[in-house]
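Line by line, the protein sequences give chains S and D.
In terms of our numbering, the first sequence opens at residue 203 and continues consecutively.
In terms of our numbering, the second sequence opens at residue 50 and continues consecutively.
No lab work stands behind these hints, which were simulated from the structure alone.
The beta-carbon is built from N, C-alpha and C at its ideal position, and this holds for glycine as well.
Errors might be hidden in some of the hints.
[Stated by the list, open to error] Interface residues of chain D toward chain S, partial, derived using beta-carbon atoms under 8 Å:
#: 1; residue: N70
#: 2; residue: G71
#: 3; residue: N97
#: 4; residue: S98
#: 5; residue: G99
#: 6; residue: E110
#: 7; residue: G112
#: 8; residue: L136
#: 9; residue: A138
#: 10; residue: G139
[Stated by the list, open to error] Cβ pair distances, simulated, as ranges:
#: 11; chain 1: S; residue 1: V390; chain 2: D; residue 2: R93; range: 44 to 52 Å
#: 12; chain 1: S; residue 1: A258; chain 2: D; residue 2: R131; range: 18 to 26 Å
#: 13; chain 1: D; residue 1: S123; chain 2: S; residue 2: V304; range: 26 to 34 Å
#: 14; chain 1: D; residue 1: R131; chain 2: S; residue 2: N242; range: 23 to 31 Å
[Unchecked claim] 25 Å max Cα-Cα, derived SDA-like pairs, lysine to any residue:
#: 15; chain 1: D; residue 1: K137; chain 2: S; residue 2: L249
#: 16; chain 1: S; residue 1: K216; chain 2: D; residue 2: T95
#: 17; chain 1: D; residue 1: K137; chain 2: S; residue 2: H354
#: 18; chain 1: D; residue 1: K137; chain 2: S; residue 2: P253
#: 19; chain 1: D; residue 1: K137; chain 2: S; residue 2: L273
#: 20; chain 1: D; residue 1: K113; chain 2: S; residue 2: A258
#: 21; chain 1: S; residue 1: K322; chain 2: D; residue 2: N104
#: 22; chain 1: D; residue 1: K137; chain 2: S; residue 2: D272
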Amino acid sequence: MATQSVDPAVSRAKFERQVASFRELEADYSRRGWFLACANFPKILVLLAAPQLQPAPLVTGVRFDFTDYDLHPPSVKLVNPFSGEPWSADQLPTRLMRRTEVEAQMMPGMNLPPGFEPAKMVQDQPLIQDYPGEDPFLCIAGVREYHDHPAHSGDAWELHRSSGAGGIIRLLEVIDTYGLRPLTGFNVQLETRITGFSQAEVPA
Amino acid sequence: MADDGKSKGKGKQIDFTVVVNGEPTTVKAHEGERLSAIIPEALRETGNSGQPPENWELRDEDGKLLDGEQLIESFNFPKRVRLFLNLKAGVGG
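Please model the complete structure; the sequences and the hints are all you need to start from.
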């Protein structure tokens with residue numbers, strides 16, 4: 203769990219600035235389905251709906267924790283919008299799938315002609331990652347869980363701090379882009395049940 | 050010289066309010082320019098120097114992603130328009 207080492211007044215001032223940036227354009231964000239439900243330092247809870255669907259569902263909450271900001275980036279987790287509890291991996295309403303292009307892996311030692319370019323492969327990658335015993339988290343720069351993970355030790359928060367990567371608007375934009383906007387409808391599962399027989403006519 | 054809102058060869062001037070990572074700033078551009086031309090000034094005005102312009106993406110008020118390579122006139126913006134500029138997701142997962 204994060205601890206506050208920076209002067210709390212500094213983190214609180216930057217927290218308030220984040221909240222103010224949302225409140226300033228709150229009407230615009232509401233139209234997009236973003237609702238700031240709660241802002242008590244160091245935490246902010248934003249609820250995200252999908253207004254492009256009918257009826258419009260409340261898909262998820264996002265909990266930001268600005269403890270020790272901005273010495274450290276905010277923690278970002280998708281949470282149940284009603285209970286505020288982080289979704290477990292099997293409950294996630296979205297994993298924020300993103301399509302990326304990667305180069306095909308070549309066999310070591312292959313003799314390739316000059317100028318040969320490896321084929322590109324398309325893969326769908328979840329931006330929400332989870333590991334046993336941990337809550338799923340948003341795995342992009344600007345997020346505490348990303349920078350704390352040993353696999354990203356070469357991509358320090360200090361490289362991103364001044365770019366606004368840890369800002370709530372920017373992070374909500376990423377979550378909306380990959381998790382909410384792509385939704386086009388509901389998956390429905392129906393169960394059929396035999397309730398009797400159909401009959402063409404009643405005989406005299 | 051009177052300003053009729055047009056610059057010779059560049060078309061009508063559009064006043065953009067660009068919200069950069071939640072912070073608004075004003076940028077002026079002409080219809081004959083590419084939309085991406087407003088990005089560097091918006092970043093400069095809001096003190097966002099940590100990432101180059103190509104790492105940012107522009108969206109309209111509905112959240113729709115806009116192609117920065119298109120000319121401003123192709124979007125049929127009104128004289129004053131608000132756009133949102135945010136960092137791309139980048140490497141992740």
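Quick rundown of the hints versus the structure:
{"no.": "1", "hint": "N70", "result": "holds (4 Å)"}
{"no.": "2", "hint": "G71", "result": "holds (3 Å)"}
{"no.": "3", "hint": "N97", "result": "holds (6 Å)"}
{"no.": "4", "hint": "S98", "result": "holds (7 Å)"}
{"no.": "5", "hint": "G99", "result": "holds (3 Å)"}
{"no.": "6", "hint": "E110", "result": "holds (6 Å)"}
{"no.": "7", "hint": "G112", "result": "holds (5 Å)"}
{"no.": "8", "hint": "L136", "result": "holds (5 Å)"}
{"no.": "9", "hint": "A138", "result": "holds (5 Å)"}
{"no.": "10", "hint": "G139", "result": "holds (6 Å)"}
{"no.": "11", "hint": "S:V390 to D:R93: 44 to 52 Å", "result": "holds (50 Å)"}
{"no.": "12", "hint": "S:A258 to D:R131: 18 to 26 Å", "result": "holds (23 Å)"}
{"no.": "13", "hint": "D:S123 to S:V304: 26 to 34 Å", "result": "holds (32 Å)"}
{"no.": "14", "hint": "D:R131 to S:N242: 23 to 31 Å", "result": "holds (29 Å)"}
{"no.": "15", "hint": "D:K137 to S:L249", "result": "holds (21 Å)"}
{"no.": "16", "hint": "S:K216 to D:T95", "result": "holds (16 Å)"}
{"no.": "17", "hint": "D:K137 to S:H354", "result": "holds (18 Å)"}
{"no.": "18", "hint": "D:K137 to S:P253", "result": "holds (23 Å)"}
{"no.": "19", "hint": "D:K137 to S:L273", "result": "holds (22 Å)"}
{"no.": "20", "hint": "D:K113 to S:A258", "result": "holds (18 Å)"}
{"no.": "21", "hint": "S:K322 to D:N104", "result": "holds (21 Å)"}
{"no.": "22", "hint": "D:K137 to S:D272", "result": "holds (20 Å)"}
Taken one by one, the earlier hints all hold for this structure without exception.
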